[in-house]
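Chemist: So the sequence lines, in the order shown, correspond to chains A and B.
Residue numbers for the first sequence follow my numbering, so the first one is 38 and each next one is one higher.
Residue numbers for the second sequence follow my numbering, so the first one is 30 and each next one is one higher.
Source of the hints: derived by calculation from the structure; they are not laboratory data.
Check the hints yourself; a few may be wrong.
[As the list claims (entries may be wrong)] Heads up, simulated DSBU-like pairs for lysine-lysine below, C-alpha to C-alpha not over 35 Å straight-line:
(1) A:Lys221 - B:Lys118
(2) A:Lys495 - B:Lys63
(3) A:Lys226 - B:Lys64
(4) A:Lys293 - B:Lys118
(5) B:Lys99 - A:Lys293
(6) B:Lys118 - A:Lys335
(7) A:Lys495 - B:Lys118
(8) B:Lys64 - A:Lys335
(9) A:Lys73 - B:Lys64
(10) B:Lys118 - A:Lys73
(11) B:Lys63 - A:Lys335
(12) A:Lys137 - A:Lys120
(13) A:Lys293 - B:Lys53
(14) A:Lys458 - A:Lys221
(15) A:Lys226 - A:Lys385
(16) B:Lys64 - A:Lys293
(17) B:Lys118 - B:Lys161
(18) B:Lys99 - A:Lys495
(19) B:Lys161 - A:Lys335
(20) A:Lys293 - B:Lys161
(21) A:Lys293 - A:Lys221
(22) B:Lys140 - A:Lys120
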Amino acid sequence: MTLNDLQQTKDAELAARKRIVLRCCLAASCSSSGSKGVKERLEKAVSEAGLQGEVEVRGVGCMKLCCEGPLVAADPANTLYVKVTPDNAAAIIAALRGGKCTLPQADPGSPFFALQEAIVLANCGVIDPERIEAYIAADGYLALHEVLAEMAPKEVVDAIVKSGLRGRGGAGFPTGLKWGTVAKSPGAKKYIICNADEGDPGAFMDRSVLESDPHLVLEGMAIAAYAVGADQGFIYVRAEYPLAISRLQNAIRQAKRVGLLGSGIFESPFNFNVDIRIGAGAFVCGEETALMASVEGKRGTPRPRPPFPAERGLWDCPTLINNVETFANVAPILRRGADWFAGIGTEKSKGTKVFALAGKIRNTGLIEVPMGTPLRRIVEQMGGGAPAGGAIKAVQTGGPSGGCIPAPHLDTPVDYESLTKLGSIMGSGGMIVMDETTRMVDVARFFMEFCMDESCGKCIPCRAGTVQMHQLLEKILARRATARDLAKLEELCDMVRNTSLCGLGQTAPNPVLSTLRFFRNEYEELLQPELHAAPPLTAKA
Amino acid sequence: MTTVLAPPKPQAAVRFASLLAGDKRYKILEAHIKKFQHRQDALIEVLHKAQELFGYLEDDVLRYTAWQLKLPASRVYGVATFYHFFTLKPQGEHTCVVCLGTACYVKGANKILAAVEGRTHIRPGETTPDNKLSLLTARCIGACGIAPAVVYDGTVTPRQTAETTLAQINQWVAP
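Pulled out of the complex, with its shape left as it was, chain B reads as follows (with noise of 0.2 Å):
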């Protein structure tokens, strides 16, 4: 396994202890990678618990993880990039993740997201300017019985529309 040669500069300790002071959700983090021992092949899930935390993953979170792993910045980087679930940008006050899998998608899913996109004017991962809504795909929630389904704030919704769609999203986003 790939570690660190030189230890962290004490720089970095220096740096990474006022983060620690300032933000509580770090001592959160903190205490999450603590119970995975440090261990190295619990990234993912340490990742995991960052974004839950922060809502997405930012530089200095990245830079933490890999200090507190022992792992090169690079390789936390190519983790957090190679999985969709990792997003390195902060997301709007809702979000509204279209299901793309192969059932809501023969049920008319590209038509609602065509829907969303015409309203907003926002492509799938982008945020409208006024960060309300951020738009998302996802590959298959498994809802496949009640396709197609939209995920509004994280509730997965049956048997969506363009216009039932539209409906909720106009309650978000200004006219």
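Next comes chain A alone, as it looks inside the complex (with noise of 0.2 Å):
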């Protein structure tokens, strides 16, 4: 592959393009609402109407809107049909020659669309994902090898420091920092690991930026390879993620076949393969040395860092660990310049943030936002806010590792800091809407449930605590608490983020911290007056 086939792909690509696109929702969440069917139905609709030479029937990944699916969207009309059964098939059809159609359609204008800002999703819900000819089309792989041909690694290094692109998997690491220290890291060998483990419930980005443009993943990893000096890189994802595993296979191979994987990349020096490791269903495994463990073929637990896996990780060869958001966005970065996505977003938080819309409110589904965006532009205006005119209560964002904010907070814009300041985290980007019927205890409960069920056992803080969390939970829920369980459960809180070995156990009170410090008064609801003289500690309710 040189820069000439690349730029041949396009080209022939681009003249094949039919002059009108039916794009057909084929993510996982349309799919179950049968959109393959309406896919069959659409292209035998088109060569009944004998149009096969003006009118391409499309397969494309999540287009957003994931609520009023099966979705699909005619071009270059920017018409977006919704609810789409395949008996509608014919009708779009006729609407496509001109006539009246009355199927019901959503308003690619309105707020949910017109507010986005797609750097990660650009491609999504636009080209095939099985398809690398597509991804070409849509300047793929062209900063591959505008780094391949034209710069050091160092460059790439520090072109993603002065981008200010931080890590979009929780933590918010800056990338450039990282990259640079595995850069910098002695070892003739090491290993890039991209994150696919989105264990979060509630959360759905890194599956749809697979299933949609796996290619992109792709592209990132092997920049980013170069940049620190690896040859062999590693996808873990769910095994919960069928769909995006297939077309990661699909691309990988694809990526092989034309030599943009492999070695001698564009004719340089450089070697790169990547292999997918299928998750078995660990929420642990998304701390990054418990996934290395589980790419070693090990239990999922995690030990103590330091050493960092950037100095000391995968077979104690230095590894470079993101998310699949982080590697997504690398791709852009070189393309459009450090500088342009140094211009998006806030002074601290830089380029866009992808959220998976879900819970109690009127839109459900994917967007993407520029970091800074305020929280109640994101529910109000792009979600439409809570269904059949209810009251938003609290937006949880983070999963159990995050926190639930409470609706007087809604202004506050959507990057890392001032969520930490409301004590919740970015983390990878679930956004979990609930209302007035959403008992905030239970929600704790529930999250604790989670973290007790996914807590590794190795250290005691995590195992035992969690536990006894999960207990004090269900006693105040039960109503046989009193005040006394509740002064122990936050002591208990303060003990378990203090002391644990991971980030699991670290962040597992979360949950219950920030529904006490804003709905304190439900906690207090439930508890019953302390009747008798306090009972030995080692007594049991």
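If you follow the hints, you should be able to join the two separate chains into one complex; please do so.
Modeler: Printed below as a string of structure tokens:
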């Protein structure tokens, strides 16, 4: 593969493009609502109408408005049909010929779409994720070529530092700094790992990116490998995402076939191979040291850091671990420049963030907004507020490691620092909206049960602490607890947070602490008066 | 990396040879292990394949995997029991997985689960006595936009209620 070949592929792809494109969402959500049948019937209707020369029916990745699926979009008219059934196919084709159409439609100019800014999701729902040519036609792999032909590894790291990109997996560690550390670590063998173990319940951004634009992630990984001097990469993806796995396998096969992965990429001395590792359902494997143990085929238990993976990671070699969305930002940054990226977002949080909007909200689905967008704009304007006129009570971010942001704080801008200040975290991007019917103590119990089940059992504060906290929450919910129990719970939160080995335990108390901070009355309403002298501490109620 | 100190006992080889001869699935598993060049770090991949072939991980499969990868049986058992995805018990004819992710939960997945439990008298992780249905729960299947979701025999079904779930299950379970 040379730059010339890349250009030729792009030209051929653009030349073959038909006048009208019907994009049919084939991502997991729409698939489960029957979008495959819709696509088949559309193809049949096109050939019956004799329009094969003019109309292309294209299967694409996530078109974002998941609650209204299956979705079909007609270009260039920019019409978006919602809740399409196979029987609607004929009507959609008739509408292409200028007929009147009464099918339900969504407005592509509505705030849900208009307020988005697509960097990571630019190709999502637009290109066919199963064809590398479609990605190349959207300027794919150009950044990799530029990096290999014109930049030294150091310059690539500098560009990422300059862009201000921070890890999208949760903690927000500066990506450039991480790359620089791995690049400087001595060692002949280095590894790249893409963390696609999206374990947070309520998050599906990484799944959507992998299903909709797998080559974007592969290109980002290849650039990272060149920058730090690695030649082997792993993508650790959840077994719960079979479609993402098959699209990744397909993408890797295609990239190898045309020489964009493997040996001597773009006729340079740079080699890079990617293998997929399939997770087996353990939330703790999202933690980087646990993830590495799992890649090595062991029980996914974390180990103390330092040494950090950047120094001693996979098989004791320097290892770079980034999240799917972080890698997906790399190619656009190098293609359009670090300054362009640094111009988006806030002072300390650059670029955009993808969120999975779900829960008690009218428009559920995938959104990408610039950092610093107020939460209110996301849930009220884009999300359309609570369904059936209810009022939003809180927004949960960061999954079991995050917290609940109450309605009075909705004007908070979404960036790493502001969310941390409120006792929550950015997390990987799950955003669950809760309305007045949601009981916050129950939410805290739900997350604590999750952490209790998912605790790997290696360190005692997390293994025993989460069980005790869960019991106390159960007791409060059963109206059997007193103020002493609540005090005990707070004490335990503090202990587990400060003494656990890894992020799972350290953040497990967050949902309790944040609901206690903003909804303490809900806990207190459930407490019973202290009737007797305090029982000895060993007695169980 | 841990390895078995002693070479496999001859009985083991004979024993696994008879397994291989008696069951074609072991042959497929063996081919899969060869594809990974008997690498010990491929353990999780091999267990995935084994579960796909056998439906669950029975003791013989675990022992066979340990023998093929030259790993102690304890290590294979340890990994198989650590990850939720692997099951050491046989599944029923049909499976019903209720997603209990946050989005599904706030939209009433616990009511769906309670309805199924009440109808079948089994708890998550169990199978009905007639071996017709296994009830499972998931931590999140990433279908939050169409919550609450239930997976029937591997098919994700959107926007479920207690009624729709019971209607589906009643087709499988004797009244």
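Chemist: For every hint, state whether the structure bears it out.
Modeler: Hint check results:
no., hint, verdict
1, A:Lys221 - B:Lys118, "violated (48 Å)"
2, A:Lys495 - B:Lys63, "holds (33 Å)"
3, A:Lys226 - B:Lys64, "holds (23 Å)"
4, A:Lys293 - B:Lys118, "violated (39 Å)"
5, B:Lys99 - A:Lys293, "holds (32 Å)"
6, B:Lys118 - A:Lys335, "holds (21 Å)"
7, A:Lys495 - B:Lys118, "holds (25 Å)"
8, B:Lys64 - A:Lys335, "holds (19 Å)"
9, A:Lys73 - B:Lys64, "holds (33 Å)"
10, B:Lys118 - A:Lys73, "holds (34 Å)"
11, B:Lys63 - A:Lys335, "holds (19 Å)"
12, A:Lys137 - A:Lys120, "holds (18 Å)"
13, A:Lys293 - B:Lys53, "holds (33 Å)"
14, A:Lys458 - A:Lys221, "holds (33 Å)"
15, A:Lys226 - A:Lys385, "holds (33 Å)"
16, B:Lys64 - A:Lys293, "holds (18 Å)"
17, B:Lys118 - B:Lys161, "holds (14 Å)"
18, B:Lys99 - A:Lys495, "holds (25 Å)"
19, B:Lys161 - A:Lys335, "holds (34 Å)"
20, A:Lys293 - B:Lys161, "violated (44 Å)"
21, A:Lys293 - A:Lys221, "holds (29 Å)"
22, B:Lys140 - A:Lys120, "holds (26 Å)"
In summary, the structure is inconsistent with hints 1, 4 and 20 from the numbered list given earlier, while agreeing with the others.
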